[in-house]
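Asker: Let the sequences and hints guide you as you build the complete structure.
Protein chains: 2
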Amino acid sequence: MGCVPISLVGLDADDTLWHSERHFASIEERFRNLVAPWITETEAADRLLERERANLEFFGYGAKGFTLSMIETAIEASNGTIPTEAIERLIEWGKEILAHPVELLPGVAETIDALDGDVRLALITKGDLFHQEAKIAASGLADRFDRIEILSEKSPDQYRQVLGRCDASPSEFLMVGNSLRSDVLPVIDIGGHGVHVPHQLIWGHERVEREGLTVDWHQLDEIRQLPDLVARLNEERAS
Amino acid sequence: MGCVPISLVGLDADDTLWHSERHFASIEERFRNLVAPWITETEAADRLLERERANLEFFGYGAKGFTLSMIETAIEASNGTIPTEAIERLIEWGKEILAHPVELLPGVAETIDALDGDVRLALITKGDLFHQEAKIAASGLADRFDRIEILSEKSPDQYRQVLGRCDASPSEFLMVGNSLRSDVLPVIDIGGHGVHVPHQLIWGHERVEREGLTVDWHQLDEIRQLPDLVARLNEERAS
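Read top to bottom, the protein sequences are chains G and W. Numbering of the first sequence is given in the working numbering, commencing with residue 439 and proceeding in unit increments. Numbering of the second sequence is given in the working numbering, commencing with residue 439 and proceeding in unit increments.
Among the clues, some could well be false.
Claimed, not checked - Cβ-Cβ distance ranges computed for the label pairs, FRET-style:
id, chain 1, residue 1, chain 2, residue 2, range
1, G, G545, W, S609, 42 to 48 Å
2, W, A537, G, P594, 24 to 30 Å
3, G, D584, W, G518, 46 to 52 Å
4, W, G629, G, A576, 25 to 31 Å
5, W, E541, G, R603, 25 to 31 Å
Everything labelled a hint here was simulated from the structure, so no lab data went into it. Where a beta carbon is used, it is the ideal one built from N, C-alpha and C, also for glycine.
Answerer: The following block contains the structure:
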């Protein structure tokens, strides 16, 4: 193909390098039980997601906004009759998410070892600055990255700015993550390469309808297949 | 003095470039009224600050953590008897802070005009990534800065990292802001220059006991005095 080799690999963090959604999901399960006296599980899930989406413009992503959305949904669902003790519990659960130990996903450490030296590595995540920094520090991986970017949103424009700061062109950039919506599609949109490594759990807001998508991305079952993919792509490019 | 000239000026944002604390203060006043049936105004202020401080390790800075701290304090102060309607109101007030229009402080636009070209300008703020970015965008000033840094904490180490990213040494860096604790002392700690421009209002957590402080910073009454200060310092350095 004779094009520039991939020299910068961006890795998403939550549910790509470490578990995140399962902490939210387990709190959400408790939340559904908490409001079970008033609404069904499905209603609880739907209303919470709707509320989170409506609140994105105020809160952005992250556990604090999630907690505030749970409180609003619980009060509304109970017609204001939920005891304040339950609201205190919701805040405690929010703190539980924020204080949760970081557990790396299988294969992450080896993958970073294998890529290191061949390409520059950037950790590119979105959400709450404070919580993301805490998780990066706790992961023990911070030193392995040439660059760490915590974004408020993973839009094409924000990726373009990241590439500017990394002094890299889209064609030499490959982004890896569990969210088609955040990690793959916006990167392809600006002319970069996207690798989707699905995680068992995904937040409703990140789900994308695949039908009708006409763009091409690389699909991997596991992150440990990534070094081979990068090597293969760069061989094709060299030939 | 014959040392390197100041080539990078860092400007804090909240209550240095635009109003922030007064939005929090006005909501806090409403909060004190809301809990007036149970505790005095002073108690309300003290308990809220105490709660905010205790929650910093979970929430970091910003309006979402502030809102959650208000809710916890209100429930506790009322022994759980506060109506859920009041809790909904607290969340609405939190959103009010987050959606508040950005109002530049007097002299800010002229000061940036006057400095522009002579030195590189960096906006260096801390707090909630999402809210800070929204305010920077709404301020219309984003393009005036060579660099924008949103930090989770303004520690000596974080300033050191900023200087690394700006490729600047501490001795050529001057930081300007309304908080001695966040904008001045940590910068002097790493060998940079600090300029304190007080704002009428300051959050309790940012207050510093000045007695016993043995470091030297520059004190200005108004930000519009900054270009003259920088010019004077650089003349001294050139001579």
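Asker: All hints are to be evaluated individually against the structure, with a verdict given for each.
Answerer: Hint check:
no.: 1; hint: G545(G) / S609(W): 42 to 48 Å; verdict: 46 Å, holds
no.: 2; hint: A537(W) / P594(G): 24 to 30 Å; verdict: 25 Å, holds
no.: 3; hint: D584(G) / G518(W): 46 to 52 Å; verdict: 51 Å, holds
no.: 4; hint: G629(W) / A576(G): 25 to 31 Å; verdict: 30 Å, holds
no.: 5; hint: E541(W) / R603(G): 25 to 31 Å; verdict: 30 Å, holds
The structure is consistent with each of the numbered hints, conforming to all of them.
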